[in-house]
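**Student:** Sequence lines, in order, name chains U and G.
Heads up: the first sequence at position 43 corresponds to 43 in this note's numbering, and the numbers run straight through without jumps.
Heads up: the second sequence at position 47 corresponds to 47 in this note's numbering, and the numbers run straight through without jumps.
Some clues are possibly wrong.
Here are the simulated PhoX-like pairs of lysine-lysine, each with C-alpha atoms no more than 25 Å apart in a straight line [what the hints assert, rightly or not]: (1) G:Lys-349 / G:Lys-294; (2) U:Lys-51 / G:Lys-173; (3) G:Lys-132 / U:Lys-51; (4) G:Lys-542 / G:Lys-228; (5) G:Lys-219 / G:Lys-509; (6) G:Lys-455 / G:Lys-294.
Derived coverage of chain U by chain G (criterion: at least 3 residues anywhere in the stretch with Cβ under 8 Å from a Cβ of chain G; other residues may be distant) [stated by the list, open to error]: (7) 28 to 36; (8) 40 to 49; (9) 52 to 60.
Hints in this document: simulated from the structure, not taken from any laboratory.
Predicted model only: the values in this text are computed from it and were never measured.
In this text, a Cβ means the ideal position worked out from N, Cα and C, and glycines have one as well.
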Amino acid sequence: MHPLTVSAAFLAISSAFLLYGLSYDTRQLEARVAAQERLAERARSDISVLKAERAHLARPARIEPLARAQGLVPLTDQQVADQAAESTIRTGAIAR
Amino acid sequence: MSGANGRGQGAGSSAGLRTRLVMLGMAALFACVTGQLARLAGTAAPEMTVTLNEPMARTYVRPDILDRGGRLLATDIEMPSLYADPSLVQGIDDAAEQLGAVLPDIDQGELRRSLSDRNRRFIWLRRGVSPKLAQKIHDLGLPGLEFRTELRRAYPLERLAGHVLGSVNIDNKGASGIERAIDETIGVETTIGAPVNAGLPVRLTLDLGVQHALEDELKAAMARYESKGVAGLVMDVHTGEMLASASLPGVDPARNAEGLDPERADKIQGGAYELGSVFKILTVAMALDGGRAKLDTVLDVTKPLTAGPFTIKDLHSSGRPLTVSEVFIHSSNVGSGMLALAEGPERQKAFLEKLGLMREMRTEVGPVAAPQMGSQFGRAEQITVAYGHGIAVAPIQFAAATAAVINGGTAVTPTYFRRGGEASPSAQRVVSEETSRSLCVLLRRNVTESAGTGKRADVPGYRVGGKTGTAEMPGRGGYQEKSVVSSFLAAFPMDAPQYLVMVLIFEPKGTEAAAGEILAGRNAAPTAGRVIGRIAPLLGVKPTNDVAQLD
Chain U
1 MHPLTVSAAF LAISSAFLLY GLSYDTRQLE ARVAAQERLA ERARSDISVL
51 KAERAHLARP ARIEPLARAQ GLVPLTDQQV ADQAAESTIR TGAIAR
Chain G
1 MSGANGRGQG AGSSAGLRTR LVMLGMAALF ACVTGQLARL AGTAAPEMTV
51 TLNEPMARTY VRPDILDRGG RLLATDIEMP SLYADPSLVQ GIDDAAEQLG
101 AVLPDIDQGE LRRSLSDRNR RFIWLRRGVS PKLAQKIHDL GLPGLEFRTE
151 LRRAYPLERL AGHVLGSVNI DNKGASGIER AIDETIGVET TIGAPVNAGL
201 PVRLTLDLGV QHALEDELKA AMARYESKGV AGLVMDVHTG EMLASASLPG
251 VDPARNAEGL DPERADKIQG GAYELGSVFK ILTVAMALDG GRAKLDTVLD
301 VTKPLTAGPF TIKDLHSSGR PLTVSEVFIH SSNVGSGMLA LAEGPERQKA
351 FLEKLGLMRE MRTEVGPVAA PQMGSQFGRA EQITVAYGHG IAVAPIQFAA
401 ATAAVINGGT AVTPTYFRRG GEASPSAQRV VSEETSRSLC VLLRRNVTES
451 AGTGKRADVP GYRVGGKTGT AEMPGRGGYQ EKSVVSSFLA AFPMDAPQYL
501 VMVLIFEPKG TEAAAGEILA GRNAAPTAGR VIGRIAPLLG VKPTNDVAQL
551 D
């Protein structure tokens, strides 16, 4: 057989092996990407559930009794000493 | 020659062999291609089935809804939905029975009918089941029953702000409230199964803490005064931003059927009511702004007003002439009627028009109930409208009109979508700054003076001002004396009004807590005071010891 034919055949066969290898690697990578995407989707789903759970746990209806049990109450005028912050409105009447 | 021929024959047979080898190689290649095609055709079959089913499993991806502080009000979460392929179901009766044991509320007749229809390849059996329930169904091992992940709307705060948030339908598409506004203004995209990027969250003007405090106090008031319903709102008087809006009995946004119950209708913008004496805020503003009266102008309110067959008199007459200030603080119907008559019907209507009370309004939550007023506007209508009868408006529309009167005099539009958080520089002026200031003083005096109807709304340190309104409700044969809508419109801090609070109590009883009375000064005013006492610190209003500043 002509050396050129032999070398061409060798080139063709080695290219086939090379392409097969590349194709195999690509499929492997595709499978890994798909797995990563599935993981990301799962993580995204978990995040949304956790966000909802955190909001549910931090809802004011649940937090307020806990705060009251700690003795926390809304701020009143008795807790502030600031003479400069007097109201400027004149109403001509005595409140208390 | 024979040698040459022999070589020639040898070369010919060699060429033939090569040709055959090439043909064989080509045939092998074609066989490979054919085999690969057959394999692809075989393995692609299930994907084809999914593609056919896709339109039936479509859901809408919705952005998160946050309050003004970035706290979550609504989000999408993935949930499994159960469907059946009747062609694959074996033993329909057995399958229906087993499924019924796990899902007791499923309609057995309908289920059997659906599963018997072999022409269909896809039937939803239950959408949005909990993961625990899905596992139980999966463990039954019934062929033909599958799950598909869908997006479902979750409201982690349960009923809080239910009317504002609205609801979505089974496909996660906005059906009412803010959810619908999101579809209409921002737009939502469809998805199959797993979620995609839902876009930027929608930030509302609501404040979670303020909303909770309002709802909590309204709920307590509903029980305390044994009323049929309560409603309230908190608005920024400069921007029109709604910090809270509540109507009880409330609705659960996750159960959109509740929104159809008339008793649970949104009273803040879904109904128009005669609001009674709170309207005197606008009547006095009109009189002061028109220049026909001043705060110290004296009106003879000792005699009743007549309009045709009707006689209008004060419930608790003071028996002496009153100044305009006293007309407001004593809540004199006769005095208010006189102020309206002095203005004349055209100017009175024009003033109401300027405040936006004669035209339909719309917020992001939906259309506001249209204002109602008779087609005639004679003497009787002039007088009754002056004290809040003969005209019915939605509370949110009235609150917006009052906000304009007390914020320095510029019109505001109620909004639930957080924008810049600043007042519009091109806002229309509705009353002068001087009139606005006078009204602030009157509202404050109505709370601080012992004769004021709103004295039970005062909260030490927060400079509250307000006006009561007790309106008899129309019923069969005229107004019903015992069925009233008690309302209180408050603002604070009155030295520079920032927030408006409106509380409405529908058909309160004269309970012990209200000293046996049904007047707004006994129920709506103290409720508004309680609300302000809780929300003012949340809104950053600094309390001051204001005893010293009162002359």
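**Student:** So, for every hint listed, does it hold in this structure?
**Tutor:** Status of each hint after checking the structure:
For the hint linking Lys-349 (chain G) to Lys-294 (chain G), the alpha-carbon distance of about 21 Å falls within 25 Å, and the restraint holds. Of the pairs offered as hints, the one joining Lys-51 (chain U) and Lys-173 (chain G) holds, with about 21 Å between alpha carbons and a cut-off of 25 Å not exceeded. Distance check on the hinted pair: Lys-132 (chain G) and Lys-51 (chain U) sit about 20 Å apart at the alpha-carbon level, within 25 Å; holds. For the given pair, Lys-542 (chain G) sits about 35 Å from Lys-228 (chain G) by alpha-carbon distance, which is inconsistent with the 25 Å threshold.
A hinted pair counts as satisfied when its Cα atoms are at most 25 Å apart, and Lys-219 (chain G) with Lys-509 (chain G) qualifies at roughly 15 Å. With a C-alpha separation of about 24 Å, the suggested pair Lys-455 (chain G) and Lys-294 (chain G) falls inside the 25 Å cut-off, and the hint holds. Residues of the segment 28 to 36 of chain U lying with their CB closer than 8 Å to a CB of chain G number 0, which falls below the three-residue condition for coverage. Only when three residues or more bring their CB closer than 8 Å to a CB of chain G does the claim for the segment 40 to 49 of chain U stand; here the count is 5, and the claim holds.
Proximity of the segment 52 to 60 of chain U to chain G, defined as three or more residues with a beta carbon under 8 Å from a beta carbon of that chain, is established by the 8 residues found.
The earlier numbered hints that this structure contradicts are 4, 7.
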